[in-house]
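**Q** In case you want the letters, here they are:
Protein chains: 2
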Amino acid sequence: MTTPAEFYETHRELLDKAIEAAAVRDYWSAYPESPSKSVYGEDAAATGEQAFRALLGSDFPIEVPGATGTISTERSPYGVSLDIRYPRGEPADLIAAARAATPVWQAVGPQGRAGVAAEILRRINARIFELAHAVQHTTGQAFVMAFQAGGAHAQDRGLEAVAVALAESTRIPATTTWTKPQRGGDPLRLAKISTVVGRGVSLMIGCNTFPTWNGYPGLFASLVTGNAVIVKPHPGAVLPLAITVQIAREVLTEAGLDPNLVTLAVEEPGDGIAATLATHRDVRIVDFTGSSEFGNWLEANARQAVVYTEKAGLNTVIVDSTDDYKGMLRNLAFSLSLYSGQMCTTPQNFLVPATGIETDAGHRSADEFGADLSLALDKLLGDPKRAAGTLGAIVNDGVLVRLTEAGDTPGVIHPSTAVTDEQFPEATIRTPVVLRIDAADEKTYTREWFGPVSFVITTESTRHSLDVFRETVRQYGALTASVYSTSQEILAAAREAALDAGVHLSQNLTGGVFVNQTAAFSDLHGTAANPAATASLTDSYFVSGRFFTLQSRYHLAGETNA
Amino acid sequence: MTTPAEFYETHRELLDKAIEAAAVRDYWSAYPESPSKSVYGEDAAATGEQAFRALLGSDFPIEVPGATGTISTERSPYGVSLDIRYPRGEPADLIAAARAATPVWQAVGPQGRAGVAAEILRRINARIFELAHAVQHTTGQAFVMAFQAGGAHAQDRGLEAVAVALAESTRIPATTTWTKPQRGGDPLRLAKISTVVGRGVSLMIGCNTFPTWNGYPGLFASLVTGNAVIVKPHPGAVLPLAITVQIAREVLTEAGLDPNLVTLAVEEPGDGIAATLATHRDVRIVDFTGSSEFGNWLEANARQAVVYTEKAGLNTVIVDSTDDYKGMLRNLAFSLSLYSGQMCTTPQNFLVPATGIETDAGHRSADEFGADLSLALDKLLGDPKRAAGTLGAIVNDGVLVRLTEAGDTPGVIHPSTAVTDEQFPEATIRTPVVLRIDAADEKTYTREWFGPVSFVITTESTRHSLDVFRETVRQYGALTASVYSTSQEILAAAREAALDAGVHLSQNLTGGVFVNQTAAFSDLHGTAANPAATASLTDSYFVSGRFFTLQSRYHLAGETNA
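Note that the protein sequences, when read in sequence, are chains U and R. Following the UniProt record's numbering, the numbering of the first sequence begins with 1 at its first residue and continues without gaps. Following the UniProt record's numbering, the numbering of the second sequence begins with 1 at its first residue and continues without gaps.
Pulled out of the complex, with its shape left as it was, chain U reads as follows (with noise of 0.2 Å):
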């Protein structure tokens, strides 16, 4: 056994070091993103393979409160076969348990909370491989992409929210004493201890796509503030959170502590169970990724909890001008392709004035533009093994529909094409599809095509442009905006109207940062500013609701009680 403080002394220093990053906000990262033998040693990644194969078509060694019979819902977007079978449980088991477990807990402390969490990462960090191999696997991530953003980009997620859970946790220290002076008598003291109570048990509704990435921070926070957490996956993307709370409940069996603190909640499509839970009076957290539809419906129905949600919206790139043409459609295009454009943060609606733009390879007007980005994606996917390392394969069978409707709408100026791999001759791939529409085509663009669908939409002026994208982003929401200029002005400009459209804004890139990328430890992902979510990763917000600090008060001995 290892108690949790002792696990808190293991990672101390770590995360000493994660929150001093949380607040300069440099580039900081506590587990390597490169899948090279020379970091991970020389086994991992056969070890980490070997370990995936062996769970296909068992079932999942994992206890789960009230467990009544198993389900196996998976289906790769590679065509490999998974048949894994999970235990369900009972809403009320689950959340039972939950509780149960809570009060020991939250009398461990945050330090040793954290130490806890810690420990969970370093663990699934150990399981680099295995965890990437579940990503790829139920989302479609190419291996590289699942095991850095599925894997180490999200281990820097979960422990960022460890780091700021625990910073805010603490800004009250737990013992001060109080001591007023009298006039003409001894001073009043008093002692005061501070006690960190969770707001109650916690639920955290995994996303098809990015299970860890997206559900980490919301995991992580939680526990930390106190609170025992039900991981309830995306039905499409179970292994990689079975793996991730499989982990979890061993560190917490080996700290002497309930497993019951994070438990597994599967369900069939369509059981309905995350409505079930959201809705119990006893869950008082929510973290939802997905849809818009579920995540205001969440929003508007889980009264009795607080939630954090991330959604969908129009993410939007305005071009004006550039003097890095080249570089701008090689950024562009990646951008569009990557994981076949399936991330809440993949551009869809580039807004390009009518009138053309300015580059260092002269004047482009908005046909040209369009020309030039499709034959950058056609260059950026011409050979086919490259293409589908990038793209990825299709998540689901939502995103194909979109697809074909958006390849049968009017102005189709870079059509979507199937692509072979080589690995997995199963595995649906497609590349991006572009449209060419004009601003007044509104109904089409205000809509969110999540997936492999973009627009040029032809705006009036940089400035119509600029309107459209404040506006429609004040009303859709929107997790990113990029703006390509090379006047001071309009950059300025741009500035502004994303500060008043509430969405984050990436200026000219045209290197090897993406618009769809953030880093933990330096970019907030999302706004509660704007409609696409009410989180933020990870600010204090994030955190703030999730625990209350409860102080008791007493005379010091030697006080004169006057």
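Honestly, the hints are just simulated from the structure, not real lab data. These numbers were taken from a predicted model, which means no experiment stands behind them. Errors might be hidden in some of the hints.
Any copy will do: because identical chains look the same in the list, a pair fits if it lies in one copy or spans two.
[As the list claims (entries may be wrong)] Only pairs whose alpha carbons sit at most 30 Å apart, straight line, appear in this in silico DSSO-like list of lysine-lysine:
(1) Lys-180 - Lys-385
(2) Lys-37 - Lys-180
(3) Lys-326 - Lys-385
(4) Lys-37 - Lys-385
(5) Lys-326 - Lys-379
(6) Lys-17 - Lys-180
(7) Lys-379 - Lys-17
(8) Lys-37 - Lys-17
The hints should help you fit chain R onto chain U, whose structure is shown.
**A** Just chain R now, with coordinates in the frame of chain U:
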């Protein structure tokens, strides 16, 4: 003109000290609570009273957007004619003016806003005598209490909110650089800018009893985080907030800012302007102190806003044993009498075992405890002058009605009597009523009897008291709780019960600290852990919902575009 940056420089040292004090949580105060000449100057008292008298029967000098006529709603519990007329603004105009004022305020940044806020507080403090009279004659607080709680302590709570808001909104640096090493190449380098953006128009709904103390935290927290604030006083206590708004507008104007960042919204009782404003789509923050009924309504209906409430509950004292019986009785009698129990923190329910309690004055049965408490009240309030100075006056008819109802209920052990004040013979002053009832009589004591009404409730044992405490506070909420016991075991059990019930706890207060008082920079006031409130003054949750941090990022010159 003095710029916000200049105000920040002027008050920087104070703000730094306040931030540190909020972190250390020892005794600290910025505004002296003593009305003595040696502190505030020879003429301050007379000048302040003169300024207050000059306002009576006149049009209060303040501009209000969209003003249409005036209203006059206040009535002094001390019987002095007030007849002050305030201009009434239309809700739509107030909101439009607030919105129009916001963009420039946002651009000022957190430090400049904190500087302006600190200057507002400085000028409020300079008018502390005038404000004390205003508080006295609207709330019924006796003068010294009005000076302290309504003056210095309210200002301290305001500064605390400024400090916590400034600290939380600057945790993410305004500008940073991000440098990520690249294998075999120049690092990726980005500049990042973080901008604090207010959530939107803020509405502060004041209460009748503590317009400044309960109002300042929300007002200043919203201001510093970049929001315009509409101040809607209780119709019975307009003047203290009207003076506050007047001062705020004066400082804002002097800083070259739009005074409509802080506006006054008065109404006739029953106009329902608070509900209209609170549910307007552009009002995004609501602060409320008052009845559970309207507070719960706001939480349920002001869905577009983040809602911070301080409502009411069952403040409970668990009496088990004491080694300072006299001190305990004196302390409790004062707690019940201070401002006639018209504090949201005044104890209502005393849980006493039927078997009696052990004290340094011997065993006392529950009946004897009730009789001794009554005697202690009589002793404290025996001298009319001293009684008036402690009790203050009854704030409104609602309190009188409950007092009469309680007096007509079986079990009265200390009847309420009228007290005559020499200085204000018209004042409505009453001593507290105390009733003795059984724990089975839940219907009576689980109702909140705001005012000088309390119950000695006989339980089976202290364990039973703790159960009643835990269950009633969990269900009905509480702002305070206290316990008297000489047993470490009972104290530990009481602490645990308080954590379970979600309420702050005072232990064995027998001296000059009272359960109804909380000190800024040290004690949290209220907690969202039970139904009595969603606000806690001032933790990070109280400020972090009032703003968003939006980021922009761009490549730093010299980067290789990989």
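**Q** Any hints from earlier that this structure breaks? Give me their numbers in increasing order, please.
**A** 7
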